[in-house]
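Can you join these two chains into the complex? Each is in its own frame, and there are hints to help.
Chains as they are written, first to last, in our numbering: chain A, 1 to 263; chain X, 1 to 305.
If you're looking for bench data, these hints aren't it; they were derived computationally from the structure. Heads up, the beta-carbon is just placed ideally off N, CA and C, and yes, glycines get one too.
Residues from chain A that keep clear of chain X, each with C-beta distances beyond 12 Å, as calculated:
1) 149
2) 153
3) 155
4) 157
5) 168
Where chain A lies over chain X, by a calculated footprint (3+ residues, C-beta under 8 Å):
6) 59-73
7) 84-91
Spelled out from the first residue to the last, the chains are:
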Amino acid sequence: MTNFSSALRIEALKMFRSKVPLFTTIGFSMMPLVGGLFMVILKDPAAAKSMGLITTKAQLLTGTADWTSFFGFLAQAVAGGGMVLFSIITIWVFGREFSDHTLKELLALPTSRETIVTAKFIVLAIWSLVITILIFGVGLIVGNLVAIPGWSVELVRTSFISILGTAVLTIPLMSFVALLASIGRGYLPPFGWIIFIVLLADLSVILGWGDWFPWAVPGLFGGAGGGLREGLLGVHSYVILAIASVIGFVATYLWWRNADQTR
Amino acid sequence: MEFAIETNELSKSYRDVRAVDSVNLRVKPGEIYGFLGLNGAGKTTTIRALLGMIRPSEGNIKVLGQAVGPHGRGPWARVGHLVESPSAYPELSVRENLEIARRLQNAFDKNATKRVIEQLGIAPYADRKAGTLSTGNLQRLGLARALLHEPELLLLDEPANGLDPAGVVEIRELLRELAHQQGVTVFMSSHILTEVDRLATRIGIIHKGKLIEELDADALEQLRSKYLVIKARDIKAAFSALKSSGYAISSDPNGSIRLSDRRAVDAPDEVAQVLVHAGTAPTHLAVVQENLEDHFLRLTNTEVR
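One chain only, chain X, in its complex shape (with noise of 0.2 Å):
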């Protein structure tokens, strides 16, 4: 199988450190990737290196099948990216700046400019100078740069950084239609771990340079715990009607009962009558699931140890 992305024992060393410890990505196509890490991590520079701006100190990288450098060489014209903060020619408008990138990127397409602006919603700002842009309408010129040429692999790292809230959304939303629409393979590195969890298909967790996880989207809702939150008047009451009834009761702090067997949190409805029928109606019964931030704490501690 082809993948969009591939690296064979990617290493990037900077004097003594190792910014990037023998990583083997494989990211298919279609896929949105979430590259997650905390600051430091090797996020970036693996970024870099996938682009070619950076030359591994070990290892190789394809993307979309083709051998990336020596000297820069890769196949740019179908890959769009964003790295880091996003930069443009401040004393250029927005629309100079994009054309700028037209050009470079060799987008044939007249109208490429124009419906990048309003695909990232930046019309108003069009004409202003790039250098007077908040950060968050800098990073949708950055976005907008990445996808005038309609590339097939998005490689972003950082996407979300500068928006607000209501761009936050619609950057995710535009990412998703672009994955499932278009077929866009998207890599993106964060550390904002909702932003992934909401939009990856495959997660990979890398870790003081190394990548200790890689999973599916499915197999992380999987690997997280579920369990169940019970709140009665009578606490006490609720606890024995459960524990008679055969469930497992892991553990009750503030004041709560946690169920965590698969039976309980399988089936809440069951859990509800039981409690009921012993004469302790539930006031709050919720399945509560483990997020990515639990996950990526968890599995970050343990490899720090």
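So that you can see chain A by itself, here it is in the shape it has in the complex (with noise of 0.2 Å):
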């Protein structure tokens, strides 16, 4: 138990004094803010009109300016960026020991390989559920302050499920960029994966698949598929979700404990 409180404190600290948290909290505050932007558009449709292109996405998007439109929105901004900002954070984690060439440091030691591993996965799912909650805050601060309208303590509590949920069903995914930032040893082949397997998730939307591919459950649950995710998703989705982060995990373990290190 000491070695894994050492182990999680020791990540926490290489996450901090680095330039991860900052960038990823400037990127995911981008979205409430570009979201506020949208209400503002759509509560004047005049000025919108003047702004051309962007008042004819920001309709395509949320339609009216409302709560609802608004919290959707951010359930969209999750599901999306949080599976690319949460794997820079994943990548940087396991990525940095290649590129740095610290893992040489990791790898005899009484703390277990597994400890460290299990520290790197609590240190980066805490931080993206930190920021997802953040999002959230700086959603409901920017939604008063453009005072869209449709306001309900309910509403609020159901977006914020959801929201949390899309983050919740997200991070276990990260098992597969961890692996592939450890096996490619270093940043680009996870950050290649991450941009094929949200093409694919797409895709799998549009095909009316999305229930059966796992990377794409979380944008389902936070409403892409443009209806109630109870209609989009069974329990098969979050079943094969489960399975696909668990094999990820396992083979993130193995990999770290039986792969020659030779750098």
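Next comes the structure, spelled out in structure tokens:
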């Protein structure tokens, strides 16, 4: 336990002394700000028309200027942006050990490799959740400043569950990103993977198979299919997401434990 | 006897390349073992295997009496290591990097960080970010990390890398002190022969993945050829004086006389006396010993052929 809490503190220190928290916070904070901008545009169509393309896009995304649309936009932002931003965090947490050549300092220690990998996953999961909650909070502030109509406590509650749930479903899928950062010994292979998988997730939703594709499930949970998630996702969706994530975790642990480390 | 390091037929292959080939190492506790080899000879692969970082293709490894691997298992709380070029988290200070290592090593002594910072002379840089360190200071940080938990065994890959001449001497003395006063076993690889020559109590030479020679430093002393080099103003007179005294003159390159026979090497004063009596006093008389470099090159060349 001492080992584990030490490993956790160390991973947290490494994370927070880097620029990753700053960049991911800025990146994620853009979402409620952009959402707020859409709301402003939608509230005043006259001004919106003068802005051309942005108006069209805003209407396509949200339709009307109310809290329902705004939270819907945030959930979508977390589903799409979260997959990318959480991946950046994961890629950094795992890939930096290879690009900084520090991995060899983590292998022959009384603290097991599994402990270190677990600490890494926990730190990246916590940070991913923190920035998700942060954008929800920023969203509430922005929405109030812009004075969007249609506020209700119930709506805030369900939207919070939807947004947080999207993040919670996205985080376990980071196991594959961690695996690829480890096998690829750096940043590029997992970046390639995440671009590929996001495109594939979009395609699966378009083809109507999104509920069977683990990487599409968080997006559908957040409302990407344009309807209620109860109709879009079934138990099988969550099971398949869990199975995929477990495969990613197990493979990552096995790789750290068994692969030859020659760098 | 329990060895600090014991490998049996240790081999590691990467596809067609046999990086390490049936290496049987025996390192006794308290020894300073110099592991010599050219670049690519298999030194680092062996050290990584000893640390459980790579899995041997064949053979087995015991470190401090405990089997290494699979799954990275080993007596790591009692082993300090420095593998290849030192590395550190660049955005963290020297002190923070060491604190991280201390915690991962389960070293509960909170003064350990301070101790190694002072031991390795990096106190002026303790609060500097590791990313700004010179190669030499980064090497010192790596060595400090290896010593944090007061290990019984040090596995050091090229410990003198990047150090300036004063640093090389300082680290050599530190390692000698650790071995002699605290009984720490040191296994160090190097391609800098003078370094190993001055420090190691036992030497292993690896060439093309094979351990081609293993010998005590004392034995090396015996193995190395010694000869006496003599110069005199009248080299011909000196030559005949020595010849008539029964010395075997092996060669005389560079206008000097070289005596290789034991009698001459063991008693150069008698040689001087002979020359003085013959009226051709030596202007230069020195016992020269083949160094490890000559021995190493002779050995590896033999193997190459």
